[in-house]
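Chains as they are written, first to last, in numbering that gives the first Met the number 0: chain A, 0 to 142; chain B, 0 to 273; chain C, 0 to 214.
These are computed hints drawn from the structure, not numbers from a lab. One should not assume that every hint holds.
[Stated by the list, open to error] Keeping only pairs whose Cα atoms sit at most 30 Å apart, straight-line, the calculated DSS-like set for lysine-lysine is:
1. C/K127 to C/K140
2. A/K82 to C/K127
3. C/K127 to C/K96
4. A/K82 to C/K107
[Said to hold, decoys possible] Non-contacting residues of chain C with respect to chain B, defined by C-beta distances greater than 10 Å in every case (computed):
5. S14
6. A18
7. T51
8. G57
9. S62
10. A68
11. S139
12. Y162
13. Q189
14. T197
15. L202
[To be verified] Far from chain B, some chain C residues (derived; all Cβ distances over 12 Å):
16. R9
17. V13
18. R100
19. R187
20. Q198
21. S200
22. N201
23. Q206
24. R214
Don't be surprised by glycine CBs; every beta carbon is placed ideally from N, CA and C.
What follows is the residue order along each chain.
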Amino acid sequence: MKMPAASARMATQLAPSVQVSGLYVAAVPSVATESAAYLTLKNTGKTALILTGVSSPAARVGMLMTMKRMGAPGNALDMTAMKMVTDFALRPGQSLTFAPSGAHLMLSRLTGPLSVVGQTVPITLNFRGGAVLRLAAPVRRLQ
Amino acid sequence: MTGDAVSGLGLAPSLGQLLALRFDPLMWLLILGLAAAYFAPFFRSRRTSTTWPVWRAVLFGLGLVCLLLATQSRAVTVTQASMALYMGRLMVLAELVPPLLVLGLPLHLKLSQSSWPGRALGFILDPWVALALWSAIIIFWNVPAGFNASIVTNTAGALLPALYLIGGMLVWTVVLRPLPGIQGRSMGNRGWFGLLSSLPMMAVAAVWLYSPSVLYSPYVGALCLWNLTPLQNQAISGWIMALAGLPTMSLAFVQLFAWLIELADSGTQPPSAT
Amino acid sequence: MQDSPPITVRPWYVSLIFALIAVAALLGGVWLYARIQNPFPYYGTTYTPPQTAPAFSGSDQDSRAYTFAPQGKTTALFFGFTHCPTICPLTLTYLDKVRGRLSPAQQKDFQIVFVSIDPERDSPAQLKSYVGFFGTSPASKMLGVNVPEPQLAAVARSYGAGYSRADTGSKTEYQMNHTTATYLIDRRGQLRLLWDYTQLSNLERVQADIQEVMR
């Protein structure tokens, strides 16, 4: 990722070299105030990328979350907790998958219902160094 | 499944907390039975002679203590929260307990090849058989389906540690050859055996060290001890397995060298009586 | 050193055959062990012996009094909350899919019960929308149950389920940490097994467990 000479460049020109696949936002009941976006990011560039944030007009708050658990299922009182993280790092060539059973991009305090399959939700990913990735995520039911 | 199994350990348990003992009657009975079977004849023999060295008894005792800690400590309850700890336990069972127990066996154990236990042991301690069993254990239970089951289901949960212990006992008994009455393999044979038997573990360790993703679904979203990520845990498990495999490998090289020297010497010296 | 008797060494091909036999015996033995532990190869973690599923009372999504007791239906029970962005939707989605794979007669005999661990925020209306969204079959309705505190704590504990509020600094916006197991209870009210949520994606085996418990 080359730093532009002039700092007045548009943010979109600082697009990170990533490949996005399997992007969607989970459809949730109309009363739900939380949903999450899922996708796989692959760093196709030569430098490490650090995802620092997610935002969307569909939610007041976007958070990078991981799933954490404690105890063995079946033989201990195990609980699963979500834990906010400040960033996710992607080495060159590394892939990172956000999925319902693990790390996810949480959309909290939804501004409107996300119950209609077929809607499209704009999602913005911010990377360290000012790079920005703008995506349009289809809303669909969890598979 | 009931309240008493609640681990109650925080996310950063200390060594003391992890090693606090639990009480599973069957396992304690087994360990105490082994201790009785070993130490009763040991003390009887010490009264009349010194052919049974004290250091062997100490090693055997240490082996039993390690076995107890690996199977009866609170560390067992946090398997889901730390792959590295789980792997550490399995490696203690496969690579630490067996050599201690085998070295603890006195040399005067006599088993003839024609006796019934001699035949059974002769079959199972055939290096080919031991190598095949050990490879099967390592490979089959590190394929995700096998490994996942060992973490998530109760049935398989007790099985895998037992298999690692049995597999380790086989390998180390072949390598250390405590029963010359039925183990007739030369130094070179044992060297090659040791080298080959350390390969499956090294392969698994390499996969864990270099895998860019978490291979086992129960760990994908696991809340890990000591604030590690599941991927870090997997890589650390790779290190643990690689390090645990080193003694077997080094010993195998030593034995191969000894064999080579023997080969070189055999041309110039008359064959010595064994 | 004393002389040891001469040792007969097997030819390599005999050893090789022995090795194959040993591996077959090992894998077969393990398979047999699993079968003896559980005559049916259950996918979930079984309760051996089965335990009586604790009864509990609360109100359902239509604000009617609801008591869960052995009711002649095979039940998949899950403790969750409606503000849960991932695991609860995922679990209910999978359970509904599994329900859809059962025969119509079996579906009539099967129910999915969602017990809220966040009774303060999960009103009947909230629950109704939630289970109505994930339960896609009108014939086999998904149930959403609100059990008030302090009874809820006792109910959860009796199932070995835990939950706690994750502090995010706000009184109305918080997440819950909770046990993510789904409990399968047979029609006589016996707790038979539980699935971890990571297991649910294997619909075929979850379905097989349910059908075996229904027999």
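The hints, checked one at a time:
1. C/K127 to C/K140: 11 Å, holds
2. A/K82 to C/K127: 28 Å, holds
3. C/K127 to C/K96: 19 Å, holds
4. A/K82 to C/K107: Violated - the C-alpha atoms of C/K107 and A/K82 are around 39 Å apart, more than 30 Å.
5. S14: 4 Å, violated
6. A18: The assertion about C/A18 is violated, with a minimum of 4 Å to chain B.
7. T51: Answer for C/T51: holds, closest chain B Cβ roughly 13 Å.
8. G57: 23 Å, holds
9. S62: 33 Å, holds
10. A68: Answer for C/A68: holds, closest chain B Cβ roughly 21 Å.
11. S139: The claim holds: C/S139 sits with its nearest Cβ about 28 Å from chain B, beyond 10 Å.
12. Y162: 14 Å, holds
13. Q189: The claim stands: C/Q189 keeps its Cβ more than 10 Å from every Cβ of chain B (closest is about 13 Å).
14. T197: For C/T197, whose nearest Cβ neighbour in chain B is about 5 Å away, the distance does not exceed 10 Å, so it is violated.
15. L202: Per Cβ check, C/L202 is outside 10 Å of chain B; nearest 15 Å; holds.
16. R9: C/R9 is in fact no farther than 12 Å from some Cβ atom of chain B, at 7 Å.
17. V13: Non-interface label fails for C/V13: nearest chain B Cβ at 9 Å, not farther than 12 Å.
18. R100: The assertion about C/R100 holds, with a minimum of 21 Å to chain B.
19. R187: Its Cβ never comes within 12 Å of chain B, the nearest being 19 Å, so this holds.
20. Q198: 7 Å, violated
21. S200: Answer for C/S200: violated, closest chain B Cβ roughly 9 Å.
22. N201: 10 Å, violated
23. Q206: 18 Å, holds
24. R214: 20 Å, holds
In this structure, the earlier hints numbered 4, 5, 6, 14, 16, 17, 20, 21, 22 are contradicted, and the remaining ones agree with it.
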